[in-house]
Amino acid sequence: MKTTTKIFGLLLLVPMVCSLGCQRGLPGSVGDVESSNVQEVAGNFELQATAGGAAEVALPEPTGFANITGKISVVGSIATEKFVNYAVNKDENVCSNETNVRVQLDGNGGLQWGLLFYDGPFKSGDAAWDHADYVATANATLDGDLAFDQKACIFLSRIKAMRVGQTLKILNSDSVGHNAKLDGLTSANLQIGAGADVDYKPGFQESKPFGVSCSAHPWMGSYIIVRDNPLYTVTGEDGSFEIRNVPSGIALPMKFWHEVIPSGSMQITINGETQAVSRGGFELPALEAGQDLNLEIVINADAFNNAL
Amino acid sequence: MKLQNKTTISGHQLSLALAGVLVACSLGLTGCSDPAAFQVNEAYIRAVEFKSDVTKPLMAETPETELSDVQIKNVSEVLEGLYGTPDNPNLPGGVGLNGFLSLRKLKVAAGPVTYSGDKDSLTGLESGLYRRHCAHCHGVTGDGHGPTAQFLNPYPRDYRMGQFKFKLTDADGTFKKPSKADFDHILMEGIPGTAMPSFRVLSGPEREAIIDYVIYLAMRGQTERALIQAAYDTANVNGEIDGNSEKILVRFNDDQYVSDDIEAIKEIVQPVILPWANGGNGTVQRTIEDAPAGWDSDESVEQGRKLFFQSKANCFSCHGQTGLGDGQTNLFDNWTLEHLGNEPGDAVGSADDGEIAGIPEYFYHNELAQMGVVKPRNIRPRNLRLGNYRGGRRPIDIYQRITGGIEGTPMPGNTKLTQQEAWSLVAYVMSLPYEATSRPKTAPSFQGVGTNK
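Protein chains in written order, with our numbering: chain A, 601 to 908; chain B, 32 to 484.
The set of hints was computed from the structure by calculation and includes no laboratory data. Just so you know, these numbers come straight off a predicted model, no measurement behind them. There's no promise every hint is true.
[Said to hold, decoys possible] Mimicking BS3-like on lysine-lysine, the simulated pairs with C-alpha atoms at most 27 Å apart in a straight line are:
1) A:Lys690 with B:Lys104
2) B:Lys104 with A:Lys769
3) B:Lys447 with B:Lys406
[As the list claims (entries may be wrong)] Which bits of chain B does chain A cover? Going by a derived footprint, with three or more residues having C-beta under 8 Å, they are:
4) 121-135
5) 286-300
We put the CB at the ideal spot given by N, CA and C, even for glycine.
Next up, chain B with everything else stripped away, as it sits in the complex:
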């Protein structure tokens, strides 16, 4: 009876308590779900502190100067003033954007995923396109470190360096920012051989909003890097700076200096914006003339084969004698180089290939792992026998990779090939998957092979 009594009471209490718990949980969860925040690029701060040249693996054992919390917060305040937050993006005026990006589109792409049901709105979504389709790989900050990033190979792109691989703007021997049309091509086609899918299911206006937002994240990331470098330079000044005991970038609390300091920020932001906005019109894809007749003939393929092994094109040096991508395999892309260091003391393990001949020891620093830097991998030259081309499989895509190069990677552009020569290389590269890979071609017997004359 006692037990029964107790059970009855407990059952009642249990339901009440369960309801209470549910309410508490939901209140708790709702109450403490802070708005999404951009992550500070701590890994870049570390790179600047430890490395005199962030593109090289040489790393000091201890940094000469470390940015203080006050100095980093100062950078974050400037950055948020310029670009807003993930839920409420902003764009800086007076630095050359000239309408290149649309704040309205940014607000559709940004923020949490909400549906308005308003047929007249741009997409039917009030906001959240980026978080719905992109952030799980590329991260809310565009740092390439969304929740799924570490499981992917290759890793998702970190936009914050402002460097992109596959575009038709690179010409005249220098890399340019991608145009919006380049981004749209990637969204439509995806990147074969990677986890980047096609987003053809999205409408044109939706893709446009996402493209503006990705460029916005890239500009923001580049600006952050420039501000961090400037903050470090300020912090590293020997001795006192007049009126700046904390050695911060912008002296907000000092009327005497604040406007000058903010004015100086413009000079940091402008060089980031100008190559993108290009007066408001953005960059322009180059015009590639149609391939000459017979570009894919047997003769052309044979000419391309010879060029492949000659120093003028030098393809074999990285892609290997057989085009299997087994030539120069011990390099890293720009995104990875920044986080490599060669002080063995901090090592927790080497990259996936272990020791690599000819390269100083490099290590994956434990500290960087905690900052969300993914484990370094070598960049592999493409295996040209697979017929899988990340930048696209149209002949024009291969032509552009050969003549324009691939930014951020060891793949150079070749400005010295004639059009006819470049097309013959395209023909040869595109013929490779159809050769019998089980019996790779031996080097052809023309003069110069192997000695690279």
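Bound-form chain A, shown alone:
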């Protein structure tokens, strides 16, 4: 090859490399958004806008109150040993590993620690929506049986539900120190000495439960959900539940949650009718005032066995 050709070749290469280098896009950069769409959002959120928040959505008027009772059970067998939290390696004289199981069933397949909650709009304090019994406890301190306790380095509730406005007592019934790290919108990390208690007063509603952990004992785990309405329940040892004084005459979007299958899509059978639910969501048709609805929810064991 002639020397000139080589020189020119090299010289040509330089700008090519330059321009190639420039074309390399940054990974994940926002890239080609449509400016008309961007402007549409910007126009709706102009800084001078005086509105304090979203326009109030007109809600249907409930006709009264109804009650929902029922049971959540699992058909098929679950390899529950898969869901034992990992080994205790600290404070062994106090901490137990025996019941630290994330899926707890009774002999009839009743699922404990299932959470069922109303996932629609609610008017707190409005007599048509918020039953007097609930109004009375709107600012209560959840103490005694309602407290959130830990014993033998196990959170005694695997899921705890509460309302914005309420205060949750977090107890430590152990002889070692614990702390409760609460990773919610109102986050906290509270040291709790042996036999002591602390208060947790969240300020925001959560759309799903958040994790609770103990930094001193990393195998400990539980969940708390904070709602702006009282329409929730956690299943008992036999899988049974009750939600009293649910507004009647309105459709009820509901959500089911369990820590092992918190967001999966699954088939569940509600009162004999099988339906697919996504992220635990399903809708109950409007109830009649004074009605006592019995709700049987059946989940196939596969949903658990396929989960982590």
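Starting from the known structure of chain A, fit chain B onto it as the hints suggest.
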């Protein structure tokens, strides 16, 4: 002669060609230097797709739903509409900011570094304070992944979770957003023991502009996370959604739905803004009363020493019997937890300590590395014998760490200590560096030590 002739021509051509190349290069470089762009939080998208609880290491082998390019672009459009771009920041109105941040200050902190020479302007700079002083570590997006990030230990803060460690606002047992005064304290003092320097050289107005911009980046990052979660929830709905075949957050091309969809965005943005803006005034630092007389006496130090080992304070559990920070060493901070997964199939290596007892296997996913997620490191309890306190070495700083905790980390706040007890712990902690570390104190011989009574 032929050669000489040729050389002459070549020399001429060479100069021309060189000039041409320079012009081409500079044109090329100028022509294709796109304006700076915020990076999509792809790592969070992955975390939401793979993990039912992003704060835990459990990770599915395959996600049930993956966000499509159309759905991610939709989120980016909403986000840019709310917050603008790195060169042209914007603030959303009608969601409770109430003047908490100043758009004028944001524009001084944002953009490329340009100097106006205008003495009447806020800083003499037209724009670019953040990129000049902060972006090389914290990144243009505030993702803690600037060019130098991976070489630093600890890594620079990723603002996008909206969580900050060192502040005087945390009180009453819950974490609050830092106040602007907290940010200013960090800018003035830096963070000892880290790569975060003091920015005392900046003027007050310059620091104010940077503080507004960092809060802006945090709000933007938090909003992005909330939008990604909402987009994922929409994408994951079983079956068809009326009028939303692509299952996107905002149906821009559909007049029937677009205003409702945008209205729904307000409900996502407001919970992000309100804890920061607090009605426009921002959060307020708590008032800590002066330490009682004799707080640093020998008796107080001795009381603090006892508390250190008692379950009421429980300090030894993480900081170790000797305060060397060798107690609970196998934990992670919130920023790291999000990117940990325990499906061994994707592993390319473990974190710096290899296997850690009592924690499920955790792995650094190759895919996350490509998204700019830095290699996970354990969070270490502070070695209290070094006398190096990241949140500040004033007694009041130690007092606040003990009673308020450190957000995003395993360090809890203690709301049950009396003031006098808390100050005695401050005294003990501050006495530790002056003990002879070569012969660490054995546990004192009062009842309960070791059995943690």
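Structure-based check of all given hints:
A threshold of 27 Å between alpha carbons decides the hint, and for A:Lys690 with B:Lys104 the separation of about 47 Å lies outside it, so the pair is violated. With a C-alpha separation of about 44 Å, the suggested pairing of B:Lys104 with A:Lys769 is violated against the 27 Å cut-off. Restraint check for B:Lys447 and B:Lys406: the C-alpha separation of about 37 Å exceeds 27 Å, so the hint is violated. Counting residues of the region 121-135 of chain B whose C-beta sits closer than 8 Å to any C-beta of chain A gives 9, which meets the bar of three, so the coverage hint holds.
With 9 residues having a beta carbon nearer than 8 Å to a beta carbon of chain A, the region 286-300 of chain B meets the requirement of three or more and the stated coverage holds.
The structure is inconsistent with the numbered hints 1, 2 and 3, although it conforms to all the rest.
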